[in-house]
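K.L.:
If you want the building blocks of each chain, they are given just below.
Number of protein chains: 2
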Amino acid sequence: MSTYTAITVPTQFVEANGIRFAYRRWGRQGGIPLVFNQHFTGNLDNWDPAVLDGLTPEREVILFNNAGIASSTGEVPSTFAGMARNAETFIDALGLKQIDLLGFSIGGMVAQQITVDRPELIHKLVLVGTAPPNHDAGDGQGHITPETAAIFGATYNPPENLWLKVFFTDSEASQVAGRAFLKRYLSRTENRDAPINEKVAPAQIAAVGEWGTHPGDRFAYLKDISQPTLVVSGNHDVIVYTVNSLHLVQNLPNAKLILYPDSNHGSWYQNHEDFVFEVNRFLNT
Amino acid sequence: MSTYTAITVPTQFVEANGIRFAYRRWGRQGGIPLVFNQHFTGNLDNWDPAVLDGLTPEREVILFNNAGIASSTGEVPSTFAGMARNAETFIDALGLKQIDLLGFSIGGMVAQQITVDRPELIHKLVLVGTAPPNHDAGDGQGHITPETAAIFGATYNPPENLWLKVFFTDSEASQVAGRAFLKRYLSRTENRDAPINEKVAPAQIAAVGEWGTHPGDRFAYLKDISQPTLVVSGNHDVIVYTVNSLHLVQNLPNAKLILYPDSNHGSWYQNHEDFVFEVNRFLNT
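Going down the list, the sequences are from chains F and W.
Letter 49 of the first sequence, counting from 1, is numbered 667 in our numbering, and no numbers are missing.
Letter 27 of the second sequence, counting from 1, is numbered 645 in our numbering, and no numbers are missing.
Hints should not be assumed to be uniformly reliable.
Which copy is meant is left open, because identical chains are indistinguishable; a pair holds if it fits in one copy or across any two.
Stated by the list, open to error - No farther apart than 20 angstroms at their CA atoms in a straight line, the calculated lysine to aspartate or glutamate pairs in the EDC-like style are these: (1) K841 / E790; (2) K715 / D788; (3) K841 / D788; (4) K801 / D757; (5) K801 / D788; (6) K841 / D811; (7) K801 / D663; (8) K841 / D671; (9) K817 / D710; (10) K715 / D835; (11) K801 / D671.
Worth flagging that the hints you see were computed from the coordinates, not collected in a lab.
For reference, chain F alone in the conformation it holds in the complex (with noise of 0.2 angstroms):
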C-alpha cells in the first residue's frame, strides 16, 4: 500500500496509440481501481484532494489527462466518443481488465460511453453532476446552461474564484464550503500539472454539443449500461441542471440518486465526507 497523498502523488506517463497521457495512480491495492474522468477545462490538480484521499485508504484512484488535455499530448476531440475511445486507450495501456469508474460533468458524459463501448470492463459506475444524452440546458445556446455561459465568461481576481461560482451555491454556508475547497486545491504546491492549451475549451464546447443532439429515442442509449450507478448532483446545479439526474436514474437500468442541500455542481467537494463515505460504500459491496 502507498503512503502518498492527493498532494504527494507524482506524475507517470504511459504512452499509446501515439499519445503520451499524464497520470497519477495510487491508494490501496488488491481491489478494483476507480478511474476518474474529469471537468471541463480541468486537469491533474482540480480534482478535490479531501475526496481522493477519503477514497484511497479503500481503493486504487487513477486520474488521468486524456488526449490534448494539459501534460498528455495530443489533440482533444470535438466528440464525447472521440475522448471516450482516448480513454479506453489510456486504460488498456495500464493493463486494467477491470475498473470501476467516475466522471464529473463532461467527465461523466465520457464515463458513458466508455461504458456503452467497452461493457465488460466497466464494474460499476459513479456519475456526479453529469447528464444523458438530449440533456436538458434551459434556453442556452449550444446546450451550454445560461448560467454555464456567464459564470464562464466573466473574470475573477484570483482566477480561481472561479470556482466559487461554478461548484458552490450563493450561500454563505456553500461559499465557506468553496472557500476551503480553494484552500484543498491549492495545497499541491509542488510538481503541479501543466496548464491546459487554448484548444481545450472550445473542443469540449463542441462536444457539449453534440451530446445534446443525440440521434434517436431520446434516453435509448441509457438502457445499454446495465452496470450499478450511483449518481450524484446538488439540488441547485446551475451548470449542469439537477433535472438531468433524474433523467438519468428514471433512464438507467440500475441507479441509485443521491441530491444534496443547498449545492451547486461541486456538490460532492462540498459534501465530500459524506460523499466519500457514499461512494465507498456503493463500490465495496
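Start from chain F and add chain W according to the hints.
P.N.:
This is chain W only, laid out in the frame that chain F set:
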C-alpha cells in the same frame, strides 16, 4: 429496552381532545423517538416490519392511527391541516417534547404540516414517497395521478395484492420484492388492527385535492421547514410522481434526496436494508 418486534408489540391507547388514539411504541429508549404518519387507507399493520425492526435497535418508534382511522375514534378531517392538528394532539398527549417525524405518501403531507405548525417539536424529518403542496399529479382529476385511480379502482384476489401494484414496479425483481413484503405484512397474525371504515378514503382524497390547490407562491410553504430532512422515493413512483421529491429538495432549505432504482411508491420497502441504514445514519448524526 423492550424486546418487542413489529409482530409482537401490543397496541396501546391514549385519550385526548375527545379522541381515543391507538398506537404502538417500542424500541431502544433514551433518544428522540421517531413518529410515523401513515399512507392512504393504511392502519397500524400497514408498515413494513422489516423497516420497523431495522430501526428499533437504535431508536424508539411510535406508530399511531390518526383520528377516525381503524381502531382510533373520531372523524377523519378533509384537510391535512386538520389531520396535523389531530396528530399534534396525539403527540402532546404522550408528553413528547421533541420527536423525529416520518411521513409516507399522504402521511408525508401531514408531517410537513405538523412541522410548519410546531417547528420546536420536530428535530428531523423523513419524507417518503410524498409531495409538497401544489404537487404534480399528471392529468389526473382531483390531484390524484391517473395510475392511482386505475390501480385503486381495480379488484385483486387476494385483496392485499393491491399493494403489489401500488408499491412495486412491474419488473420481475420488484414483484419478487413485493411478494416478500406481503409475507412480512401478513406475518402479524395476532392482535391485528381493526379495518378502516368507509369514511376514510373519501376524506383523505378530499385532503389531497385541497393540498393540490394551495394558495400563494407554489412552493413558498416549504421555506418554513428548516429541519434537516431526508427525502426518499422510487425512481418510477406512479402514485406520487417522483418529480415531486425533486420539488421538495429544491425548495426545502436543508433536504437530501435518495431515489432508489427500479422502484415505485414502496421504494423503501423494496430497499429496506439500505433505507434503514440511511435513516439511522441520518437521524444519529
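K.L.:
All the hints need checking, so say for each whether the structure fits it.
P.N.:
Evaluation of the provided hints:
1. K841 / E790: between (40 angstroms within a copy, 17 angstroms between copies)
2. K715 / D788: neither (43 angstroms within a copy, 35 angstroms between copies)
3. K841 / D788: between (36 angstroms within a copy, 17 angstroms between copies)
4. K801 / D757: neither (34 angstroms within a copy, 50 angstroms between copies)
5. K801 / D788: Cα proximity of K801 and D788: one copy only (18 angstroms, versus 49 angstroms across).
6. K841 / D811: Neither: 37 angstroms inside a chain and 43 angstroms across chains, both beyond 20 angstroms.
7. K801 / D663: within (12 angstroms within a copy, 53 angstroms between copies)
8. K841 / D671: neither (33 angstroms within a copy, 36 angstroms between copies)
9. K817 / D710: Neither, since 26 angstroms and 66 angstroms both go past 20 angstroms.
10. K715 / D835: Neither: 32 angstroms inside a copy, 54 angstroms across copies.
11. K801 / D671: within (15 angstroms within a copy, 44 angstroms between copies)
Comparing the model with each earlier hint shows violations of hints 2, 4, 6, 8, 9 and 10; every other hint is respected.
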